[in-house]
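Listed below, chain by chain, are the residues.
4 protein chains.
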Amino acid sequence: MTDLTPDPAALVTELADRLCNWDRWARDDGVGALNLITEAKRIEASACIRSGATFSLGFELRPDLPQPPGSGRLNPVHVMTELPSDAPPSSDGPVSADDMLTMAVHAATHWDALSHFFHRGRMYGGISAAEVTTQGAARNDIVPAARRLVTRGVLADVARHRGVEVLAPGEGIGGDELREVLEAQGVEVREGDALLVRTGLLGTTKVSGRWSEFAQCGPNLPNTPGVAVDALPLLHELGVCAIACDNWAVEQLAGGPPSFPVHELSLVYMGMVLGENFELDALAEACAGDRRYDFFFAGAPLPLRGGVGGPVNPIAVR
Amino acid sequence: MTDLTPDPAALVTELADRLCNWDRWARDDGVGALNLITEAKRIEASACIRSGATFSLGFELRPDLPQPPGSGRLNPVHVMTELPSDAPPSSDGPVSADDMLTMAVHAATHWDALSHFFHRGRMYGGISAAEVTTQGAARNDIVPAARRLVTRGVLADVARHRGVEVLAPGEGIGGDELREVLEAQGVEVREGDALLVRTGLLGTTKVSGRWSEFAQCGPNLPNTPGVAVDALPLLHELGVCAIACDNWAVEQLAGGPPSFPVHELSLVYMGMVLGENFELDALAEACAGDRRYDFFFAGAPLPLRGGVGGPVNPIAVR
Amino acid sequence: MTDLTPDPAALVTELADRLCNWDRWARDDGVGALNLITEAKRIEASACIRSGATFSLGFELRPDLPQPPGSGRLNPVHVMTELPSDAPPSSDGPVSADDMLTMAVHAATHWDALSHFFHRGRMYGGISAAEVTTQGAARNDIVPAARRLVTRGVLADVARHRGVEVLAPGEGIGGDELREVLEAQGVEVREGDALLVRTGLLGTTKVSGRWSEFAQCGPNLPNTPGVAVDALPLLHELGVCAIACDNWAVEQLAGGPPSFPVHELSLVYMGMVLGENFELDALAEACAGDRRYDFFFAGAPLPLRGGVGGPVNPIAVR
Amino acid sequence: MTDLTPDPAALVTELADRLCNWDRWARDDGVGALNLITEAKRIEASACIRSGATFSLGFELRPDLPQPPGSGRLNPVHVMTELPSDAPPSSDGPVSADDMLTMAVHAATHWDALSHFFHRGRMYGGISAAEVTTQGAARNDIVPAARRLVTRGVLADVARHRGVEVLAPGEGIGGDELREVLEAQGVEVREGDALLVRTGLLGTTKVSGRWSEFAQCGPNLPNTPGVAVDALPLLHELGVCAIACDNWAVEQLAGGPPSFPVHELSLVYMGMVLGENFELDALAEACAGDRRYDFFFAGAPLPLRGGVGGPVNPIAVR
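Protein chains in written order, with our numbering: chain R, 8 to 325; chain Z, 8 to 325; chain B, 8 to 325; chain A, 8 to 325.
Just chain R, with the same shape it has in the complex (with noise of 0.2 Å):
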């Protein structure tokens, strides 16, 4: 368990260079630490299939949730643009529906793109934040790792691990313990993983129905439990391309004025795209069954043009 550090501004300062990938690739190829799997590295993710099974990670898409009630963020607005209803009862021509869905690009299960966050002005690769606009994100928009993100996923159970149902609010996964899971559940993280954190919080609260703890936009944070900035070194020296987790911001939360280190150091600097709001309890479930951490990973969001999110229904196949 880490703390928050009184001073994430300096945090980020300090790991920023150490972490930096703006020259391991090119600068403007908007793809970031995704440039970690290669083809090999699918080949290796496809002998994680073993028994077959398949788990969804997406939260349902539903008007109501998990951004509680005047959060900001759009929860998934779903209408009907037709009916069976329409047509007369007499009527011999096709009957068919149709619908419609307008929603925050980032209230459901997704990922942040690595244009979703910004440090002194720039993004990754060192490119302008004026290139994200009205028109969306002329660089570093979503879709590149719509194109992309197939790879082996290892799941970190960290709350299994702690012998919990969820961490405490505000708590940190940090460096040393995140090694540590990994190493309980004897699986190896290696380049080009993507790594799924496991705090617990999505599946308990989807049960005590307390979402104003869970999500909030705002002038405040939520308290939540998540990755802690202490983390970023390991993951980089691992190799990790993606991280995700079951809670609202990937990153360890403690109320108060909004501060994402975790955010500014993942986006910007390592290139290393987040998924948020994914379900997890099922897949850990099986994991702990078998105690078989690793799986095919199927990731890859919606290819939306100029978006700095992506919304994804992630799929593990064991």
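These are computed hints drawn from the structure, not numbers from a lab.
Where hints are given, some of them may not hold.
[Stated by the list, open to error] Restraint-style ranges between C-beta atoms, simulated for each label pair:
| # | chain 1 | residue 1 | chain 2 | residue 2 | range |
| --- | --- | --- | --- | --- | --- |
| 1 | R | N227 | B | P95 | 33 to 39 Å |
| 2 | B | G216 | A | A33 | 27 to 33 Å |
| 3 | Z | E187 | R | R57 | 34 to 40 Å |
| 4 | B | R57 | A | R217 | 44 to 50 Å |
| 5 | Z | A33 | R | P95 | 30 to 36 Å |
| 6 | B | G216 | Z | I50 | 39 to 45 Å |
| 7 | Z | A191 | R | E292 | 41 to 47 Å |
| 8 | B | R34 | A | R31 | 50 to 56 Å |
| 9 | R | S97 | B | R34 | 49 to 55 Å |
| 10 | B | E292 | A | R217 | 49 to 55 Å |
[As the list claims (entries may be wrong)] Here's a subset of chain R near chain Z, in silico, CB distances under 10 Å, partners left out:
| # | residue |
| --- | --- |
| 11 | D106 |
| 12 | H123 |
| 13 | A137 |
| 14 | T140 |
| 15 | T211 |
| 16 | L241 |
| 17 | P310 |
| 18 | P318 |
C-beta: ideal position from N, C-alpha, C; glycine also.
Starting from the structure of chain R, add chains Z, B and A where the hints point.
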């Protein structure tokens, strides 16, 4: 090549009983032919991963295509709800961007759910059309497909087999031709496979820009090549669990008043979801390159509660 | 004060014939009681303009109110589609901003169209409910009101008459009380007038912030004061063309399962549109100041084709 | 008729100082030239009501017009969120219909707010363009116009004066011609009036269907008749508080790259809102009929918080 039957309504009536799967599985499970995907099937599918090359078959979400202007379905409208320019230049707090998406569910690459079409007041399983209201599909929505649609995929590259860039407007692909293509390609379709059929239409339209010939909602259908009604008995016999195409409606359309016999038979009676606007050219090129037409197929759409369809970024891994 | 009738359905049945205007004007003109507004009426209305003071009765369009979070109707979502920050600082071209609006039609200040409610399968004029489909109201939409709703307005300030800030939850305003208020105010309601009834609810809710007691869509109604069923015969007798209120549904609501006898009688049988969420406090203050309760009323909503309601910024000029 | 000036930017620079109203009223009141509407003005306006005939000048909200397909601004999309067909036929409860609207604020008949245009980084009152962000216009939004825009209106029927159905593409209406039209019509424009200028374009386009010549967002402007820059000094001198037109942008446009000198001068320097897509033909017919060109004008838009424009159904009463 198969001509359009003069009376599609009669064809539907004739074939409905023969192809009906309502009593093959639980009538109310909402799963339909996806019941054919077993865990063993996915192990089989994983064996198709040999090069690790991945193909994202999703049409980029953009505001102008693929529905031509004025054709009825709203292409994806992407707007920004937060921008880095919102923050004063001197701001010390985190700087991020957020976005929102409004789209017809059936606008870009998507699956039609079993609640998308009706026949004689019923949808798949004999369930009343009245179960689909403004609140969405209370039964047969897209969620079961979202939780399950991962299997072996097979491409039938009809355009390449015919030696053309694209099939002629209105041409149908019948059972005999499909069998012939598969045989010529040296690939066997087995129970539980998803079948992707390539007409060449989406790719050539991207070059020609003639989108008004690709898609149209309204009093008159477009005139496009696609799957003919008489292919359905073969698909039924082979145990195909889902079919997708690089056109707007899977089935062949010949202009004139709306008539969708393949939709009626496939969705209502066979319980087989239809995938539309799939981008198949790059995948086809690779298949032709090493003459291997099967692949691991992760085609699970977004789990849209009540959706009569679901947006998807389908992934083929070879 | 009037108690809620134990059986609203019986009340509707009892009063429907007596109040029915279907054969008073053309059944299919979609105009209903607005037929009572003549050109002479508007001359009469213009005589009410004596000080030139203008009152805009429209609730500000904002994303958080007046529907409380989670109550079902989408408050106005306002997004920017173009911003000055899009332009490079050195740009010589024109610099502008553009925006987009998504809202439930009945979210803020609006009129209910004659197609908003149905009784026994019919709407105003005896027209089948089947005329309202996903394509909107083919009959009785809001457009006729948009073309016509300018007349003399009269305020009945019930809260002030009772000497309270706001009527108690669930209280009804019956015919006798309404007559008494008008008499005490020294104002005569004449044929073709629009009647605005003040309960004090919107104003006090803006202060208290108890919006969940103001409006609710869902299994249970809010418990709010409003117009009682037994006021309708008086309105019919007086020839009121439209009625509006500073509450969520015009009529008194008493919690519990939905029941809307005033909507059924007014919209379906009398053909009288209902105005909801009107801001009446400033107007009421002015009326009380010089004890003049009539005014020129420009209440024409947006001409929304097919709309079963219409957003409006109603204007009273004294 | 006035030719387009070869250098609109120079014209703007030249006229900005002369027409600037920033120090005429409080710079930060957001009201601009609407300060010219006094209560006495509205008494004067009420004297124009002589026949009681009312003209609704709002273009019907519909999904296909007036923006031509693909032109950038989203026409009103109207969807139903509740329908009578949702209720089982035997249902005893209330049966209603509800709807939702999505539209570009500037799509149909609307006012441009003072925050719609910028010049040299500033908007009306010298306020920084940075006050308009994804959260809307923090200053100079449309709300003050919504609370105030009721005054005397005057029509200048330029098309009729010229004896044409519609002015030719790209033609400008200058100060001299405007003065001449008003004189010939025998109407005096006085301080605080709203001026409606008729080119005939909207009416003839409704007949011709040539909407792509009426409106275009994008790299090239349409080629439409409208108000010329050199009319602005006259409007300033006369004390016009708002100007509206039956075209897409009030001002004359001559195709080619975007250039909006009238927007820049009127909105940024004069603080005068612009009304677009006004339907003026029926009003013009009536004015010509009795040669009376002034009327009571209720033109208050929806009070959209943060709106850089506001939808409106403007009403003229004669």
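Looking only at beta-carbon atoms, does the pair B/R57, A/R217 fall within the given range of 44 to 50 Å?
Given a distance of about 47 Å, which is inside 44 to 50 Å, the answer is holds.
When you take the CB atoms of B/G216 and Z/I50, is the distance between them in 39 to 45 Å?
Check failed, 58 Å falls outside 39 to 45 Å.
Within 34 to 40 Å: is that where the Cβ-Cβ distance between Z/E187 and R/R57 falls?
Holds - the Cβ-Cβ distance for Z/E187 and R/R57, about 36 Å, lies within 34 to 40 Å.
Mind checking the CB of R/P318 against every CB in chain Z and telling me if the closest is under 10 Å?
Since chain Z brings a Cβ to about 6 Å from R/P318, closer than 10 Å, the hint holds.
State, for the Cβ atoms of B/R34 and A/R31, whether the hinted interval 50 to 56 Å holds or is violated.
holds, 55 Å
Status of the hint placing R/P310 at chain Z (closest C-beta pair under 10 Å)
Constraint on R/P310 satisfied, holds at 5 Å.
R/T211 as an interface hint toward chain Z, with CB separation required under 10 Å
This interface hint is violated because 20 Å lies over the 10 Å limit.
Can you let me know if the beta-carbon spacing of Z/A33 and R/P95 is within 30 to 36 Å?
Since the Cβ atoms of Z/A33 and R/P95 sit about 32 Å apart, the hinted range of 30 to 36 Å holds.
Given the hint of 41 to 47 Å, is the C-beta distance from Z/A191 to R/E292 inside that range or not?
Given a distance of about 45 Å, which is inside 41 to 47 Å, the answer is holds.
Does R/T140 hold up as a contact with chain Z if the rule is Cβ-Cβ below 10 Å?
OK, holds: R/T140 within 10 Å of chain Z, min 7 Å.
Confirm or reject the claim that B/E292 and A/R217 have a C-beta distance inside 49 to 55 Å.
With Cβ atoms ~51 Å apart, the hint holds.
Cut-off 10 Å, beta-carbon criterion: hint that R/D106 touches chain Z:
holds, 5 Å
Hint compliance for this structure: hints 6, 9, 15 and 16 are broken, all remaining hints hold.
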